Structure formats: structure tokens, C-alpha cells
Amino acid sequence: MDTADATTAPPARDRTPRWRAVQPWLTLACRVGLAAVLITAAVSKYPPALSVQAVEAYDLFPADLARLIGYTLPLFELALAVLLLVGLATRYTAAVTTLLMVAFIVGIVSAMARGLSIDCGCFGGGGQVDPEETTYGLSIARDIGFAALGAFIAIWPRSPFALDRPLGLFR
Amino acid sequence: MGSAARQRSRERLREQREKDRRKAARMRTLGVIGAALGVVILIVGIGYAVLNSDRSGSEFDGALAPQTVQEDGSVVMAQPGAEAPVVEVYADYQCPACRQFELLNGDVLKETAAAGEAIVHFRPVSIFAQQAVPISSNSLRGGAAARAAADHGVFVEYNDLLFENQPAEGQAGFTVDELKEWFRQTSASEEDAAAFDERIDAEAAVVTQFTEDYLPALTEDALDQLGQENLSTMVLTDLMAWGADNGHDPSFLDGTYTGEIIDATGNAYTRYSGDNAFRATPSVYINGELLDNSTTMTVRGLQGAIDEAGPGEVQTEPLTDGGGEE
Numbered sequence: 001m002d003t004a005d006a007t008t009a010p011p012a013r014d015r016t017p018r019w020r021a022v023q024p025w026l027t028l029a030c031r032v033g034l035a036a037v038l039i040t041a042a043v044s045k046y047p048p049a050l051s052v053q054a055v056e057a058y059d060l061f062p063a064d065l066a067r068l069i070g071y072t073l074p075l076f077e078l079a080l081a082v083l084l085l086v087g088l089a090t091r092y093t094a095a096v097t098t099l100l101m102v103a104f105i106v107g108i109v110s111a112m113a114r115g116l117s118i119d120c121g122c123f124g125g126g127g128q129v130d131p132e133e134t135t136y137g138l139s140i141a142r143d144i145g146f147a148a149l150g151a152f153i154a155i156w157p158r159s160p161f162a163l164d165r166p167l168g169l170f171r
Numbered sequence: 001m002g003s004a005a006r007q008r009s010r011e012r013l014r015e016q017r018e019k020d021r022r023k024a025a026r027m028r029t030l031g032v033i034g035a036a037l038g039v040v041i042l043i044v045g046i047g048y049a050v051l052n053s054d055r056s057g058s059e060f061d062g063a064l065a066p067q068t069v070q071e072d073g074s075v076v077m078a079q080p081g082a083e084a085p086v087v088e089v090y091a092d093y094q095c096p097a098c099r100q101f102e103l104l105n106g107d108v109l110k111e112t113a114a115a116g117e118a119i120v121h122f123r124p125v126s127i128f129a130q131q132a133v134p135i136s137s138n139s140l141r142g143g144a145a146a147r148a149a150a151d152h153g154v155f156v157e158y159n160d161l162l163f164e165n166q167p168a169e170g171q172a173g174f175t176v177d178e179l180k181e182w183f184r185q186t187s188a189s190e191e192d193a194a195a196f197d198e199r200i201d202a203e204a205a206v207v208t209q210f211t212e213d214y215l216p217a218l219t220e221d222a223l224d225q226l227g228q229e230n231l232s233t234m235v236l237t238d239l240m241a242w243g244a245d246n247g248h249d250p251s252f253l254d255g256t257y258t259g260e261i262i263d264a265t266g267n268a269y270t271r272y273s274g275d276n277a278f279r280a281t282p283s284v285y286i287n288g289e290l291l292d293n294s295t296t297m298t299v300r301g302l303q304g305a306i307d308e309a310g311p312g313e314v315q316t317e318p319l320t321d322g323g324g325e326e
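Protein chains in written order, with my numbering: chain Y, 1 to 171; chain Z, 1 to 326.
Worth flagging that the hints you see were computed from the coordinates, not collected in a lab.
Be aware that a few hints might be false.
Stated by the list, open to error - Here are the simulated lysine to any residue pairs, SDA-like style, with alpha carbons at most 25 Å apart:
#, chain 1, residue 1, chain 2, residue 2
1, Z, Lys-23, Y, Arg-158
2, Z, Lys-23, Y, Ile-155
3, Z, Lys-23, Y, Ala-154
4, Z, Lys-23, Y, Arg-91
5, Z, Lys-23, Y, Leu-100
6, Z, Lys-180, Z, Asp-197
7, Z, Lys-23, Y, Gly-168
8, Z, Lys-19, Y, Thr-134
9, Z, Lys-23, Y, Pro-62
10, Z, Lys-23, Y, Phe-170
11, Z, Lys-23, Y, Ala-103
12, Z, Lys-180, Z, Ser-273
13, Z, Lys-23, Y, Val-102
14, Z, Lys-19, Y, Phe-170
15, Z, Lys-180, Z, Ser-136
All values reported here derive from a predicted model rather than from experimental measurement.
Using the sequences provided together with the hints, build the complete structure.
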């Protein structure tokens, strides 16, 4: 009877029945995949003393800030992974994850532009490497892929097995 | 009442209902975002506290255990006659992870050595000797300066100063003037400082000759005659041995601390095998067994590994020509 919903109708593509059936599962797959990536990244950055060194290698922050980032970045990645897995504030978590990936890409590009030869420290490691051993292209491509996963979730946050649903979001 | 008026009031009611609905949705969204934010703060906060509790060990400011320079230029810090595990520490003064290790676990080394619970064997190396200047020259100058400080019994203090003042990789640092100034911050005497200065001037010249003349010429020749593939598998000391037979005389390194640290690095590569092989810095061995990263780079890990290990034997002999050790 009430047709007020028409004002919030999803874009045309979302209305094809097939997309409506498939999209939630794609989003779920992205959530799990991106969470797995984040957990791997966080765990491989342990112990934090090495993570600090990886941050310092970018030569972008003063020592105290680099230390803080080295300690908290893996924890932040872990927190985002938990939120993606349980599906809490899915759209916003995914958007923040995407922004984080963009920040990583900016960091890598800046290291590249300044002629540093470092490991990105994305999955542990980090620090100085031989100039011929840098893998900036690969690291950037990888981060673009992860950013795309995040963007997909942010655009289509509706998915099964998400806490958001009982809380009334993205049903 | 006309139907137009009824129509208007129904319209208003619907608008109001719609407004309420949007407001409720907004509140729901904000609530969920708030909950998510809470989760993030909780995980980061608790995690940060847990990780930091590892570093809460009190700073060591007691008297250091006696230091003894060894024949190969390494330094043993231990109580006389200590029966304790031997903790060998391989570090390059230009290596950032070594700096992190030193900042994190330097006090554990001092404390356990002072308490007779460990025999700490500092083995400075220069794994960066073949990198581009200034990485190579910083690494070598730092190593030679630490060795010169050891002549005056202040190796450990000077070692700390070098790591505290480590130049960012790829930036000039460890200058002759800085190295001399830092020596004056140790407990060494003015007389010692004069001798140290002289040594630093000499070593700095050797480092310059090594990194700017000798090594580039040697590398170019070796590249021509041996090829990139062979060259990339050779450690520096092997390359230099080849050079000695092929017109690149390394004798200017004889008797210098620069030469000594290059030799020490070469020996580190052949000293261990298999899983214990020396590959990178910092490398910490307890009684000849290489520790993994999470043991080396956490206070709890290193302290625990020292506590668990039995007594060991230092594998080098003390320097006997009275090299100023006190």
C-alpha cells in the first residue's frame, strides 16, 4: 500500500532478480577474502619492533610516530578484519579499509618516487632491500585489488551472516 | 471538510511518517557505526597495552659487566668466570632492524650479563659493505669506530650511541666529527679521545678508499670476467680473494679495523650451517643456535631464551697484545 519506498529504490541493475540473488554472496566472499588478507597482514607484522622498522624505512614520520604506527597499524588491520567477518557497519568498515589501501598505495608510490629501495612491509618484512629486489609494482597492484574488494563491499553492503541485518542495516 | 483538505492532511501525515522513518534509520546507522568504532578502539587499545607490556622491563643503569676484546675484534661482556649461556649478537650499525633490537633488548643484554646470567658476545658485522655509498661507508665507519672504542673499554656505551644516532638508510651520517664527539660522551678519558680521534681519521680514509676506489673497480672487473650470476653468489671476502689474484690489492686493509670487520662478516657467513646459517642482521645465537625473529625481537622472547639455555663456551680467544682493554 505504502509506496514511499520508491524514493530509496536501488539502481536499475540491482533490481534484476539474478543480481539480487548473487550480490549478497559476492559481498560475503569479499568480506571473508578481505578479512583473511588483513589478518595475514596483521599477524605477519609481529613482532612490533620489526613493524616499527618497516614503517621507519618509508622515512615519512618522526621516530615516535613511526613507533606508534608500527605498534597500532597491525591492530587496526585486525580490528577491521573482525568487523568485516562479523559484518558490523559493513559499508563503513569496507570504506575505511579501502581508504587504508589507498594510503598504503600513496606510501609505496612516495617511496618509489624518492628512489628508496625498500620492501613495502605489507606482509611483515620491510626495510631496505637491494634496488633490484624492490617489488613496488606488485605491491601496488595487490593493494589496488584489495581496495577493489573493499569498494565492492562498500557499494553493495547487503550480505548474509552479518550482524548488520538483525540491527536493521543493509537488509 | 473538502476532499482537498483531507488529501493535504493525509499528505502531511505521510511526510511526517517518512521523516520519522528516515530519522530512525539514521539513528540505527549511527548506533551501528558507534558500536563498530567501539570494537576498533577496544582491539587497538587492549592490543597496544599488551604489546607494550613486553617493553615494560626497567631500564638498566647499573654497572656493566667487564668487556673483553677478542682476537677477531668482537667483544665479550660477561662477569669473570660466569657459567652462563653465550648470547652472540650480530649487528650492522647501519641496519634499522638492529637499531630496533638494540633499543628493545639492549638492556636485557646488559642486565643478564651484569647478573652473570649471560655471556654476551657482541659481533659487529658489515653486511652493507657492498651497497651504494653512503650506506656502505656508514656501515663500515660505524663498525670501525665501535672497534676503536673497544680499545678504550667503552664498546658497549659507544655501541648504544651509534644505534641511537643511526642515520636513515641512504643518508650521509656517522661523520668523522660525529664519531669523535660521541666518543666524548662515553666514560673514556681525554687521552683516550686523542688516540681514538687519530684512529677514526685513519679508518675513515680507508673506508673512503674501499668504497669509492677499490670496490667499484673490483666489482666492475669481476662483472666482466665472472659474470653477474657468479658475482651475485659470492660473499665479499670471496670476491676480495679473487681480486687479490687479479690485480686488486687489498693490502691497504691490513691491520685496519675496517678490514677486520669485513673479515668478521665473511667469517660469520661460514661459521654456521643449515637452519643456523647467518643470513641477515640482527642475528642472535644462544650457544650457537639461531633465535627466530619473534624471540629476538621481543623482550619476553629473548629473556626467556636466555633463562632456558644452559651454560656455553665463548668460541673466540681474548686479544692478548693488551689492546687497551681494561
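Here is what the structure says about each hint:
1. Using a Cα cut-off of 25 Å, the hinted pair Z/Lys-23 and Y/Arg-158 holds, with the two alpha carbons roughly 20 Å apart.
2. Taking the CA atoms of Z/Lys-23 and Y/Ile-155, the gap is about 22 Å. The hint holds against a cut of 25 Å.
3. This hinted pair checks out: Z/Lys-23 and Y/Ala-154 have alpha carbons roughly 22 Å apart, not beyond 25 Å.
4. Restraint check for Z/Lys-23 and Y/Arg-91: satisfied, since their Cα atoms lie roughly 19 Å apart, inside the 25 Å limit.
5. A C-alpha spacing of about 30 Å is found between Z/Lys-23 and Y/Leu-100, which places the hinted pair above 25 Å, so the restraint is violated.
6. Between the alpha carbons of Z/Lys-180 and Z/Asp-197 the distance comes to roughly 6 Å, so the proposed pair stays at or under 25 Å and holds.
7. Among the hinted pairs, Z/Lys-23 with Y/Gly-168 is consistent with the structure: their alpha-carbon atoms are about 13 Å apart, no more than 25 Å.
8. A threshold of 25 Å between alpha carbons decides the hint, and for Z/Lys-19 with Y/Thr-134 the separation of about 55 Å lies outside it, so the pair is violated.
9. With a C-alpha separation of about 44 Å, the suggested pairing of Z/Lys-23 with Y/Pro-62 is violated against the 25 Å cut-off.
10. Taking the CA atoms of Z/Lys-23 and Y/Phe-170, the gap is about 16 Å. The hint holds against a cut of 25 Å.
11. The suggested pairing of Z/Lys-23 with Y/Ala-103 is violated, with an alpha-carbon distance near 33 Å, which exceeds 25 Å.
12. In summary, the hint linking Z/Lys-180 to Z/Ser-273 is not supported, as the alpha carbons are separated by about 38 Å, beyond the 25 Å threshold.
13. Note on Z/Lys-23 and Y/Val-102: the hinted pairing is violated, with a Cα-Cα distance of about 32 Å set against a maximum of 25 Å.
14. For the hint linking Z/Lys-19 to Y/Phe-170, the alpha-carbon distance of about 19 Å falls within 25 Å, and the restraint holds.
15. Taken as a hint, the Z/Lys-180 and Z/Ser-136 pair is honoured in the structure, with Cα atoms around 19 Å apart against an allowance of 25 Å.
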